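Chain F: place on chain C using the hints.
Residues per chain, in single letters:
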Amino acid sequence: MHNDSYIAQLDGVTKRYGQLVALDGIDLGLRRGELLALLGPNGAGKSTAIGLLLGLHRADSGSVSLFGRDPQDIEARRRIGVMLQSAALPPTLKVGELLKLTASYYPSPRDTGEAAAMAGVDDLLGRRYAALSGGQQRRVQFAMALCGRPELLFLDEPTVGMDIDARQKLWTAIRQLVADGCSVVLTTHYLEEAEALADRVCVIAHGKVISEGSVDALRARVAYRRIRCTTSLDTGVVAAWPGVAECHIEQGRMFVSTAQPENVVRRLLAADAALTDLEVLRAGLAEAFTELTRDNDDVPVVEKEAA
Amino acid sequence: MNAIATPIAPPSMSRGRVFNAYVQEAKAECLRYLRNPGFLLPTLLFPSVFYLMFGIFLARSNGPEVPRILLAAYGVFGVMAPGLFGFGVSLALERDSGLLTLKRAMPMPPGAYLIGKMTMAMGVATVISVFLLCMALFLAHVQLSGSQIATLFVVQLLGVLPFCAMGLLIGSLIKGQGAPGLINMIYLPMAFLSGLWFPLSMLPAFIQRLAPVWPSYHLNQLALSAIGLGQGGEWGHIGVLAIYTVAFVLLAARRLRRYG
Chain C
1 MHNDSYIAQL DGVTKRYGQL VALDGIDLGL RRGELLALLG PNGAGKSTAI GLLLGLHRAD
61 SGSVSLFGRD PQDIEARRRI GVMLQSAALP PTLKVGELLK LTASYYPSPR DTGEAAAMAG
121 VDDLLGRRYA ALSGGQQRRV QFAMALCGRP ELLFLDEPTV GMDIDARQKL WTAIRQLVAD
181 GCSVVLTTHY LEEAEALADR VCVIAHGKVI SEGSVDALRA RVAYRRIRCT TSLDTGVVAA
241 WPGVAECHIE QGRMFVSTAQ PENVVRRLLA ADAALTDLEV LRAGLAEAFT ELTRDNDDVP
301 VVEKEAA
Chain F
1 MNAIATPIAP PSMSRGRVFN AYVQEAKAEC LRYLRNPGFL LPTLLFPSVF YLMFGIFLAR
61 SNGPEVPRIL LAAYGVFGVM APGLFGFGVS LALERDSGLL TLKRAMPMPP GAYLIGKMTM
121 AMGVATVISV FLLCMALFLA HVQLSGSQIA TLFVVQLLGV LPFCAMGLLI GSLIKGQGAP
181 GLINMIYLPM AFLSGLWFPL SMLPAFIQRL APVWPSYHLN QLALSAIGLG QGGEWGHIGV
241 LAIYTVAFVL LAARRLRRYG
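If you're matching them up, the sequences are chains C and F in order.
With UniProt numbering as the guide, the letters of the first sequence map in order to residues 1 to 307.
With UniProt numbering as the guide, the letters of the second sequence map in order to residues 1 to 260.
Just chain C, same shape as in the assembly (with noise of 0.2 Å):
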């Protein structure tokens, strides 16, 4: 269903390469204003609503539409600022160059020095591309995606390959940008990178959005704890019990997902004596993420021991 509140949506996308279904009638809208983050595993079709998003490639049926144009007109993507994943600029133009020419492409740019200020590479305008580390690369390649003064940021991986300063900074310059109004669409393996930053989160697993919503509704699910053990008490009744989520059987072992592990587990070794293996594990938003696509893929995953 077409909505106008959204400045960028697919509807009911889908998108095959040959055999590989890489996106199997997906609905993802954005609206104004909004950082939304898209979640996945390598695969999950991140890429390709990215790429279907920017005009990159046509929709094998369903709908994409940008400030409600075709992405591929180009009078939308003079609204959007893209920073992809891998892009390898040319290594002999200087930082400045860069910039000026990819400002050329816009109605009414920043200022170079203003861009460059705002990606903080400012003191690298001098500088050819291919004098400068990863991550300064990296904040160049933001240097040109904000420097068309976009109503919306496309950021694929965008901080991949800095230190933890460099993060730290070009957060605070996305959220600058959000408080001024610009949308943005983040694509990110860090969690921590879409908790510090996203009013929405997408999970998107095999082509299709399996969890959406706000971080803390995200996080809400994962305040669970994970109790395992080996007991012979039935998953009926433990699953009947107060404050129990969800229980079941795993491999001849018991898992009880609880948000009140410290009851559970006082009620479990008061009705079963003979309980062996008791584990509890912490569930981080790496553990929710894990959880919610391997529910959709069917797969065993090793957990991870709460630190």
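These are computed hints drawn from the structure, not numbers from a lab.
Listed below are the simulated EDC-like cross-link pairs for lysine to aspartate or glutamate, each with C-alpha atoms no more than 20 Å apart in a straight line:
{"hint": "1", "chain 1": "F", "residue 1": "Lys103", "chain 2": "C", "residue 2": "Asp73"}
{"hint": "2", "chain 1": "F", "residue 1": "Lys103", "chain 2": "C", "residue 2": "Glu75"}
{"hint": "3", "chain 1": "F", "residue 1": "Lys103", "chain 2": "C", "residue 2": "Glu157"}
{"hint": "4", "chain 1": "C", "residue 1": "Lys169", "chain 2": "C", "residue 2": "Asp199"}
{"hint": "5", "chain 1": "F", "residue 1": "Lys27", "chain 2": "C", "residue 2": "Asp111"}
{"hint": "6", "chain 1": "F", "residue 1": "Lys103", "chain 2": "C", "residue 2": "Asp70"}
Predicted, not measured: the structure shown is a model, and the values here were computed from it.
Just chain F now, with coordinates in the frame of chain C:
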């Protein structure tokens, strides 16, 4: 967050700014290759050094017309390179490295990419043409009238275009680091087979019969005509080169639309 709700008027790009984008793209393209000795040196040195050796130092014994004939031939050899390599290699590399994808995602005006590369190729061809003309005039003392010089220059400058188109097609067919080697395997044999290194009359008959297949053969005939060694049929050669150019561009465009 209240300022966000106000719709911002869709930006419009003035004609001047669009033109500026083309200029900036061409400027950036020229700059990056001027600073790339790996591209510039072989492109400039090969035709110049070959002409110096075979067209000037070793030419005397082969007859008085040799410096004149080889001025045309090495000029053609020289202007083929920026088109084939500037277009073919860089397109093949940039399709592989993600730069072309990034430019397609950005609002770069359609055509700026190709016109930028074409400008660069023509710029390099200008330098090669002037180099060789200077050597011919001042070292080999080839007698050329002003109009002959001007005609040869224009032939070589426009003669870049079919090779830009050919480079474009090759660059749309191959990807990545293998491109320079592959293009050399087309460039060098084609130069030989169209009689740029040795006159066709010295080569076996089947190579002579095959020569009109190569665009470089036709450009060489035009260059010879420009300096008074023509055998007629100029419009035919121009027509063949034009057809090649259009065909290469159409095939490349179709291929790039399909596979990106």
